[in-house]
Amino acid sequence: MRNDRILLSHGEGGKRTRDLIAEVIARHFDNPVLSPFLDAGLLGRIEGEIAFTTDGYVVTPPFFPGGDIGRLAVCGTVNDLAVCGAKAVAISCGLILEEGLPADTLTRALSSMREAAAEAGVFVACGDTKVVETGKGDGIFITTAGVGVLAAGWKPAPGKVRPGDRILLTGTMGDHQIAVLIARKGLSIEAPVRSDVAPLSGLLLPLVGRFGGKVRFMRDPTRGGVGVTLNEMAAAAGARFVLEEARLPVREPVRGVCEILGFDPLYLANEGKAVLIVDGDAAEEILAALREHICGKEAAVIGEVTEGAPGVRMRTAVGGLRAVDYPVGDQLPRIC
Amino acid sequence: MRYIDDFRDPSAAKGLVVRIRRDAAEVPVRLMEVCGTHTVAIARSGIRSLLSGAVTMLSGPGCPVCVTPDGYIDAAIALGKERGALLASFGDMLRVPGRSSSLEKEKGKGVDVRVVYSPLDAVALAAASPDREVVFLGVGFETTAPAIGGAIRTAAARGVRNFSVLPSVRTIPEAMGALAADPEVRIEGFLCPAHVSAVIGSDAYRAVAEKHDIPCVVAGFEPLDILMGISMLVRQRKEGAARVENEYTRVATASGNRKAQEMLRETFVPCDTGWRGIGVIPGSGLRIAERYSAFDAERKFGIPVVFGQEKSACRCGDVLKGKILPADCSLFGKTCVPEEPYGPCMVSGEGTCAAHFRYGAP
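Order-wise, the sequence lines are chains A and B. So that you can map any letter, position 18 of the first sequence is 18 in this note's numbering, and since no number is skipped, the others follow by simple counting. Count along the second sequence starting at 1, add 1000, and that's the number in this note's numbering.
Derived from the structure by calculation, the hints contain no laboratory data. Be a bit skeptical, because a hint or two may be false.
Stated by the list, open to error - The calculated label-pair distances, taken between Cβ atoms and stated as ranges, are:
1) B/D1009 x A/P163: 26 to 36 Å
2) A/A246 x B/S1052: 40 to 50 Å
3) B/G1091 x A/E133: 40 to 50 Å
4) A/K160 x B/G1279: 51 to 61 Å
5) B/C1271 x A/P163: 51 to 61 Å
6) B/D1182 x A/R162: 25 to 35 Å
7) B/I1324 x A/P163: 51 to 61 Å
8) B/R1002 x A/E307: 34 to 44 Å
9) B/G1279 x A/D325: 49 to 59 Å
10) B/V1337 x A/E49: 32 to 42 Å
11) A/V149 x B/R1021: 26 to 36 Å
12) B/D1112 x A/I21: 38 to 48 Å
13) B/D1182 x A/P192: 21 to 31 Å
14) A/G164 x B/D1009: 23 to 33 Å
The beta carbon of each residue, even a glycine, is placed where N, CA and C say it ideally should be.
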């Protein structure tokens, strides 16, 4: 690209827009659906039941240990499809850039979108680029939509959740949010924490293929963390979940930062984790299967479904019982 | 993390629960945790459920936001609205309702309210904006008060004359004395605050223990600290004793932090003050000392804090005195929730109602 910064004219539809698309975007996402640059990507016939999702990414800063906004945009969409049992087929890429953004920031974000897409076996089928004036955006925002196809005939079935089912978490809590927090300037905290952002399709889709209905329901605990996600799942299932505080996996440096700043890891965002409600009799076998995959090595049974009014409770480390509710007020805005 | 995990050890906790239950009488013993941080720690670790039937934990008035009367918020709003002052405040004061509005609502209408993390940040704000009057909303107990005093002393030393403090500083032992004397509350033991005690020292509770024949135990904020403190109180009760004991010896001493105490003596003098729901308790407040009166916003602007005009339906007062549990208030969880609080006990993260709402009765 001739300019080292994004200009308003890159979004005006004229020559510079064409240059941006040809020299930057096409170079990163070259594929037969995108490359003709029609007004829509022609996906052709897709066999099976279709799943469709969308998301926006405004994380600040855009680059953080373990990931960046580009990787986040692809993984977030792939994971929303994966927890519904769908294999991502194609995603879109909408870019909202702020005038003055270093072109290098854009190319780094796009490179990592490309890498994450290759990792997840998905391609970018269409896109859009807009530029807003200085001060009207914050560097780079990305929106994505994703089309997927149900892979194994498996569908989320919150209605099938019953007492005796187990609650599984595929790994440690809070790594993403703490990594972003540390990457922010102005907080003089240092800790070796990396975001967990990763596509989960390779972990979850074979699992539902193998265990079918024994996996009742899955969600990815992003914003609001495991605490909020479980509250939503308990409401959807009309079930009572009881967690074991001692079994919740949290890395030491994440715990340390939480103790200092008064955060509860239960409410911290994750970008490469899933919560699963599974048949109690199959829980150990499913846990073993999760642990065979690189994204599930630290998977754990964190609780169970019991009789009682819908909601989430926790057996605390010292043996007490308390409620786990929705938090009031965000612990930290703009983490994804 | 080792030093944290040591204070959350499940088997040690189990042992303490067994000991508490063994020492407890047939009728549950009524203990009060005075401090809001204890209230939250107890709710979060589920200690109430571990001790049900043996110990009834009442939550006390130790959340500074909760005991700040409506009249204080009204005075702060008047300073911002009528005198155009820039109000610097700790974040959790913003949503506390006054009689007709809150700082958060007034901020939305144009009153200049800034959240600061230290009283010194407010002095810096004043130094950076010499054409504005900057008023720090000095709310707190003996823990925060030395930092407020330090800010006043700094402003005086640097000649920052557009800085002042609207004080709402209260002292814990006097409030404990008032509650101990209340026959309706019937407290049989006080779990005394950790951080306040680090400043004032455990000896500060001797008058309460001796005069009212109530055991007092200073305890830390970790689950095992709390269980140990409760165990010491229950043991004293069993022996018929009423001593001051200190579980939190790793931080709090008998005489406290002398430097902080000197700061308090230099910048403040004791006064009578109003506590929301409790009323005026003699000698339970700190007002700014005469030599620093130029930094006292009440005197500087002639806007006094008026006590005793609380909203009638709100039962925060009875909650703060341990007379009722939050769930006994008809507003709790209905018209009064953390997103839309009616009373201050639901506002602060350390408020009794907020803790009960969030961590609940299982």
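| field | Cβ separation of B/G1091 and A/E133, checked against the hinted range 40 to 50 Å | value | Since the Cβ atoms of B/G1091 and A/E133 sit about 32 Å apart, the hinted range of 40 to 50 Å is violated.
| message | Given the hint of 51 to 61 Å, is the C-beta distance from B/C1271 to A/P163 inside that range or not? | response | holds (59 Å)
| request: Determine whether the Cβ-Cβ distance between A/A246 and B/S1052 falls within the hinted range of 40 to 50 Å. | output: violated (21 Å)
| message | A range of 26 to 36 Å was offered for this pair. Does it hold for the Cβ distance of B/D1009 and A/P163? | response | holds (31 Å)
| task | For the range 49 to 59 Å, tell me whether the beta carbons of B/G1279 and A/D325 fit it or not. | result | violated (33 Å)
| task | Could you see if the CB distance from B/R1002 to A/E307 stays within 34 to 44 Å? | result | holds (38 Å)
| query | Given a hinted range of 32 to 42 Å, is it respected by the beta-carbon distance of B/V1337 and A/E49? | reply | holds (40 Å)
| request: State, for the Cβ atoms of A/V149 and B/R1021, whether the hinted interval 26 to 36 Å holds or is violated. | output: violated (58 Å)
| request: Look at the Cβ atoms of B/I1324 and A/P163 and judge whether their distance stays inside 51 to 61 Å. | output: Between B/I1324 and A/P163, where Cβ atoms are some 35 Å apart, the hint is violated.
| task | Determine whether the Cβ-Cβ distance between B/D1182 and A/P192 falls within the hinted range of 21 to 31 Å. | result | This hint is violated: roughly 53 Å between Cβ atoms.
| query | Is the gap between the beta carbons of B/D1182 and A/R162 within 25 to 35 Å? | reply | At 50 Å between Cβs, range violated.
| Does the Cβ distance between B/D1112 and A/I21 fall inside 38 to 48 Å? | Holds: the Cβ-Cβ distance is about 46 Å, inside 38 to 48 Å.
The earlier numbered hints that this structure contradicts are 2, 3, 6, 7, 9, 11, 13.
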